[in-house]
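Q: Chain U is already provided as a structure; the job is to place chain S on it using the hints.
The primary structure of each chain is shown beneath.
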Amino acid sequence: MSSRALKGGLFQAGLLFSLAVGFVTLGVLLADVLIDGVGYLDGTMLTEPPSIDPQIAGARPAILATIYLGALLLLFTVPIGVGTAIYLEEYANRERWYNRLLELNIQNLAAVPSIIWGILGLAFLVRGIGLGRVLLAGALILTLLVLPTVIIAAREAIRSVPDSIRQGAYALGATQWQVVSRQVLPAAIPGIATGSILALSRALGETAPLIMIGAVTYIAFDPTILGPFTALPIQIYQWVSLPQPEFKLLAAGAILILLAILLTMNALAIWLRNRYRRTW
Amino acid sequence: MTAGAEPLRLRAERRRIGEDVVKGVLALCALVSVLTTVGIVVALFQPAIEFFREVSLVDFLTGTEWAPLFEPQHFGVLPLITGTLLVTAVASLVGMPLGLGSAIYLSEYASSRARGVLKPLLEILAGVPTVVFGYFALTFVTPLLRDLGVGAEIFNTLSAGLVMGVMLIPTIASLSEDAMGAVPRTLRDGAYALGSTKLQVATRIVVPAAISGIVASFVLGLSRAVGETMIVLIAMGQQPNLTFDPREAAEAMTAFIAATGAGDVPTGSIEYKTIFAVGATLFVLTLVMNVVSIRLVRKYQEVYE
Numbered sequence: 001m002s003s004r005a006l007k008g009g010l011f012q013a014g015l016l017f018s019l020a021v022g023f024v025t026l027g028v029l030l031a032d033v034l035i036d037g038v039g040y041l042d043g044t045m046l047t048e049p050p051s052i053d054p055q056i057a058g059a060r061p062a063i064l065a066t067i068y069l070g071a072l073l074l075l076f077t078v079p080i081g082v083g084t085a086i087y088l089e090e091y092a093n094r095e096r097w098y099n100r101l102l103e104l105n106i107q108n109l110a111a112v113p114s115i116i117w118g119i120l121g122l123a124f125l126v127r128g129i130g131l132g133r134v135l136l137a138g139a140l141i142l143t144l145l146v147l148p149t150v151i152i153a154a155r156e157a158i159r160s161v162p163d164s165i166r167q168g169a170y171a172l173g174a175t176q177w178q179v180v181s182r183q184v185l186p187a188a189i190p191g192i193a194t195g196s197i198l199a200l201s202r203a204l205g206e207t208a209p210l211i212m213i214g215a216v217t218y219i220a221f222d223p224t225i226l227g228p229f230t231a232l233p234i235q236i237y238q239w240v241s242l243p244q245p246e247f248k249l250l251a252a253g254a255i256l257i258l259l260a261i262l263l264t265m266n267a268l269a270i271w272l273r274n275r276y277r278r279t280w
Numbered sequence: 001m002t003a004g005a006e007p008l009r010l011r012a013e014r015r016r017i018g019e020d021v022v023k024g025v026l027a028l029c030a031l032v033s034v035l036t037t038v039g040i041v042v043a044l045f046q047p048a049i050e051f052f053r054e055v056s057l058v059d060f061l062t063g064t065e066w067a068p069l070f071e072p073q074h075f076g077v078l079p080l081i082t083g084t085l086l087v088t089a090v091a092s093l094v095g096m097p098l099g100l101g102s103a104i105y106l107s108e109y110a111s112s113r114a115r116g117v118l119k120p121l122l123e124i125l126a127g128v129p130t131v132v133f134g135y136f137a138l139t140f141v142t143p144l145l146r147d148l149g150v151g152a153e154i155f156n157t158l159s160a161g162l163v164m165g166v167m168l169i170p171t172i173a174s175l176s177e178d179a180m181g182a183v184p185r186t187l188r189d190g191a192y193a194l195g196s197t198k199l200q201v202a203t204r205i206v207v208p209a210a211i212s213g214i215v216a217s218f219v220l221g222l223s224r225a226v227g228e229t230m231i232v233l234i235a236m237g238q239q240p241n242l243t244f245d246p247r248e249a250a251e252a253m254t255a256f257i258a259a260t261g262a263g264d265v266p267t268g269s270i271e272y273k274t275i276f277a278v279g280a281t282l283f284v285l286t287l288v289m290n291v292v293s294i295r296l297v298r299k300y301q302e303v304y305e
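Protein chains in written order, with my numbering: chain U, 1 to 280; chain S, 1 to 305.
Extracted from the complex, chain U is given alone in its bound form:
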């Protein structure tokens, strides 16, 4: 083999190794969690509240809270996120400095560390307006956290609708809002849905902001919107932090439930993307 071909082969092997490290780690991680947690993944986990006895401890309040958080997030983020995206893509004049600043601002917000959102929640919602450590405060802060991601995804979906469709509708005498609401938005819905679901699944896996807001305390009852709460990621963190090894296994069981929820959402998003992919 010539030295050129040898070098090329070694390089390609190095690249494959880089890619393999990520996938092997993912595989080992999933196997590790599965082996540790599968023994604790039973009815108790779904129906019982946490307890100091790992044998009868479950994650029912945490699972319910995560579902409530998901519903509230959907309710808050999608209208505001899509509204902002429509404003930026269809109405805003890009020449104006404030619109360019708005864009830069949203890009920056998308990369703010999640713990900072927790500080915002603690300072403004929990202590500032005295909402307290309640589920609604958690939902509001997660809303602000994912909003930039939803906006960016919705903008891309709206931008991919070709201009000829808008022109055609204008030519028929439609007003701007008629064009947006009856032509652009329906065409952009699959893209918006995919982006929103992915963003939502990211938000439901967030732990750090909720630790600041939700307090890592013992919650034995079903959550309410204006009551104290725990959530699956917090419950996992709490169990991981306990010294007894049984609780680590219990944490693995709860991780399996969290991963099942998030991966289902991811799969749904990818399926939507492939099912409704459109080339104009």
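Some hints could be false.
[What the hints assert, rightly or not] No farther apart than 25 Å at their CA atoms in a straight line, the calculated lysine to any residue pairs in the SDA-like style are these:
| # | chain 1 | residue 1 | chain 2 | residue 2 |
| --- | --- | --- | --- | --- |
| 1 | S | 299 | U | 108 |
| 2 | U | 7 | S | 111 |
| 3 | S | 299 | U | 101 |
| 4 | S | 23 | U | 76 |
| 5 | S | 198 | U | 11 |
| 6 | S | 23 | U | 96 |
| 7 | S | 299 | U | 111 |
| 8 | U | 248 | S | 150 |
| 9 | S | 299 | S | 211 |
| 10 | U | 7 | S | 109 |
| 11 | S | 299 | U | 104 |
| 12 | U | 7 | U | 18 |
| 13 | S | 198 | S | 178 |
| 14 | U | 248 | S | 148 |
| 15 | S | 23 | U | 179 |
[What the hints assert, rightly or not] Facing chain U, a subset of chain S residues (Cβ under 7 Å, in silico):
| # | residue |
| --- | --- |
| 16 | 70 |
| 17 | 254 |
| 18 | 270 |
| 19 | 279 |
Keep in mind that the hints were calculated from the coordinates and are not lab data. Idealized CB from N, CA, C, for every residue including glycine.
A: Below, chain S alone, put in the same frame as chain U:
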């Protein structure tokens, strides 16, 4: 929008109030993001400024002992900064080369069918919550390191950094791959026509041409590592430790914020304000990195798109 195809917006002679209302409502939605930024700045900096009235900025930045919750109190942030820097360094050493390698493979070597399988898998890796990575670092990687005779403590920076490095791979790979995808086909063809090998095209044409995007992905990776909370909180420890030995336990800035915020420190106390002083430091650090990253991405987009 392509040049020359500026849409002709015909205005109705009669003003339609409904249209104006819609535009106003949409602008209000956009205002939420602006108010959020204002909120973050006010929430962080107002208590942080109060903090610096009580503790001098010099003591804060140069003090080597961090003990705000115990008497006698010390407010030297250096141990937290070295903790964050050390874990970020380990994560970068893992995540940057592996992320870049993955990107080159996906962009230059993989068939489109292989890409169709590999990219969603990377997305799954990107979708794993950080609390799960923290669990993995503490219960799998740390015992593994100890079995290998590395001499790591139960909580240690090395394990947290290694796992964080893997967490960075999808971020760095996808952004770098976007940049490589924007390099025009003609540049590659020209190099092949001159007799270059695939290796030469990848390393001497594509990587240099996409360098601003690659650097942007590295900077964004750094910013994510600095801001990452759960992995360091769970696997690295919660004792401030001024050390450069990654086998020891230490506390990162984010871990301090989370541990203190979760407790019930009274509002307005100096302990409460430390959250904001450390938070403001973290925010400024990551903001600078994010702005640099956004600028670099714009640069390659302007050149090639």
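Q: Against this structure, judge whether each hint is valid.
A: Hint check results:
1. 299/S - 108/U: The hint holds at about 17 Å.
2. 7/U - 111/S: holds, 21 Å
3. 299/S - 101/U: It holds: about 17 Å lies between the C-alpha atoms, which stays within 25 Å.
4. 23/S - 76/U: With Cα atoms ~19 Å apart, residue 23/S and residue 76/U stay inside 25 Å; holds.
5. 198/S - 11/U: holds, 10 Å
6. 23/S - 96/U: holds, 16 Å
7. 299/S - 111/U: Holds - the C-alpha atoms of residue 111/U and residue 299/S are around 19 Å apart, at most 25 Å.
8. 248/U - 150/S: holds, 23 Å
9. 299/S - 211/S: Given pair residue 299/S, residue 211/S holds - Cα atoms ~10 Å apart, limit 25 Å.
10. 7/U - 109/S: holds, 15 Å
11. 299/S - 104/U: holds, 14 Å
12. 7/U - 18/U: holds, 17 Å
13. 198/S - 178/S: holds, 19 Å
14. 248/U - 148/S: Given pair residue 248/U, residue 148/S holds - Cα atoms ~22 Å apart, limit 25 Å.
15. 23/S - 179/U: holds, 13 Å
16. 70: violated, 20 Å
17. 254: holds, 5 Å
18. 270: violated, 16 Å
19. 279: holds, 5 Å
Checked against the numbered hints listed earlier, the structure breaks hints 16 and 18; every other hint is satisfied.
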